[in-house]
Amino acid sequence: DVKVTQSSRYLVKRTGEKVFLECVQDMDHENMFWYRQDPGLGLRLIYFSYDVKMKEKGDIPEGYSVSREKKERFSLILESASTNQTSMYLCASSLAGGATNEKLFFGSGTQLSVL
Amino acid sequence: GENVEQHPSTLSVQEGDSAVIKCTYSDSASNYFPWYKQELGKRPQLIIDIRSNVGEKKDQRIAVTLNKTAKHFSLHITETQPEDSAVYFCAASITNSGYALNFGKGTSLLVTP
Numbered sequence: 008d009v010k011v012t013q014s015s016r017y018l019v020k021r022t023g024e025k026v027f028l029e030c031v032q033d034m035d036h037e038n039m040f041w042y043r044q045d046p047g048l049g050l051r052l053i054y055f056s057y058d059v060k061m062k063e064k065g066d067i068p069e070g071y072s073v074s075r076e077k078k079e080r081f082s083l084i085l086e087s088a089s090t091n092q093t094s095m096y097l098c099a100s101s102l103a104g105g106a107t108n109e110k111l112f113f114g115s116g117t118q119l120s121v122l
Numbered sequence: 005g006e007n008v009e010q011h012p013s014t015l016s017v018q019e020g021d022s023a024v025i026k027c028t029y030s031d032s033a034s035n036y037f038p039w040y041k042q043e044l045g046k047r048p049q050l051i052i053d054i055r056s057n058v059g060e061k062k063d064q065r066i067a068v069t070l071n072k073t074a075k076h077f078s079l080h081i082t083e084t085q086p087e088d089s090a091v092y093f094c095a096a097s098i099t100n101s102g103y104a105l106n107f108g109k110g111t112s113l114l115v116t117p
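From first to last, the protein sequence lines stand for chains A and B.
Heads up: the first sequence at position 36 corresponds to 43 in our numbering, and the numbers run straight through without jumps.
Heads up: the second sequence at position 39 corresponds to 43 in our numbering, and the numbers run straight through without jumps.
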């Protein structure tokens with residue numbers, strides 16, 4: 008079974024702090040994604056990556072950056088956390104594109120509170 | 005990019021009734037339409053998907069229909085049970101395009117005994 012692990016379930020940070028959210032998958036998936044989930048707004052894509060060292064902006068990249076130095080790890084970085092970044096952050100992975108490979112496997116999420 | 009609209013945002017049905025959730029998409033090139041279910045406090049999980057070369061797909065009590073002309077697709081749950089209570093997300097994408105899935109805003113389904 009695919010395992011997508013997010014390093015923290017709950018995180019509390021202060022405004023202006025640099026925050027790192029880590030995600031690791033163990034199934035050699037090429038694609039990795041970061042979404043944020045807010046009530047009434049659904050799942051919004053922040054960034055995604057189709058390969059090591061590659062990244063693509065999603066719908067709401069402002070205030071975030073990402074790093075993918077190794078295939079299994081995809082990090083989300085909040086350069087200077089702000090209160091409007093308080094949210095549930097979900098990491099996901101999938102195999103490379105193809106007719107049968109779009110299924111996303113999600114991590115259990117990190118609930119980030121910025122005070 | 006692709007814009008996916010999902011309705012209703014909340015849905016309450018009695019156990020045994022059917023539930024229908026509808027989504028529309030904007031990009032006529034989209035060809036992959038999955039549905040994810042997220043139970044309270046858990047991660048979203050894929051429950052069914054459909055591709056544009058198929059009009060309907062069934063898996064036990066759930067089915068998905070696709071109308072490419074109208075650019076809408078729907079999730080149908082029959083004989084609902086309390087364990088069907090969850091948030092359901094529809095999504096759309098173009099396979100092998102380099103674009104990620106775009107999700108609707110979700111439907112919170114409550115099945116009351």
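Don't read these hints as lab results, they were simulated from the structure.
Predicted, not measured: the structure shown is a model, and the values here were computed from it.
Keep in mind that a hint or two might mislead.
The calculated label-pair distances, taken between Cβ atoms and stated as ranges, are [stated by the list, open to error]:
#	chain 1	residue 1	chain 2	residue 2	range
1	B	Thr-99	A	Arg-80	43 to 49 Å
2	B	Gln-64	A	Ser-87	45 to 51 Å
3	B	His-80	A	Thr-22	42 to 48 Å
4	A	Ser-72	B	Asn-100	37 to 43 Å
5	A	Lys-64	B	Asp-21	41 to 47 Å
For glycine and all other residues, C-beta sits at the position ideal for the given N, C-alpha and C.
Now the hints, each set against the structure:
For the pair Thr-99(B) and Arg-80(A), the supplied restraint of 43 to 49 Å is violated, since their beta-carbon distance comes to about 25 Å. Distance hint for Gln-64(B) and Ser-87(A): a CB-CB separation of about 48 Å, consistent with the stated range 45 to 51 Å. At about 46 Å, the beta-carbon gap between His-80(B) and Thr-22(A) stays in the expected band of 42 to 48 Å. A hinted range of 37 to 43 Å is violated for the C-beta pair Ser-72(A) and Asn-100(B), which are about 26 Å apart.
Checked against the hint of 41 to 47 Å, the C-beta distance between Lys-64(A) and Asp-21(B) comes to roughly 42 Å, which is consistent with it.
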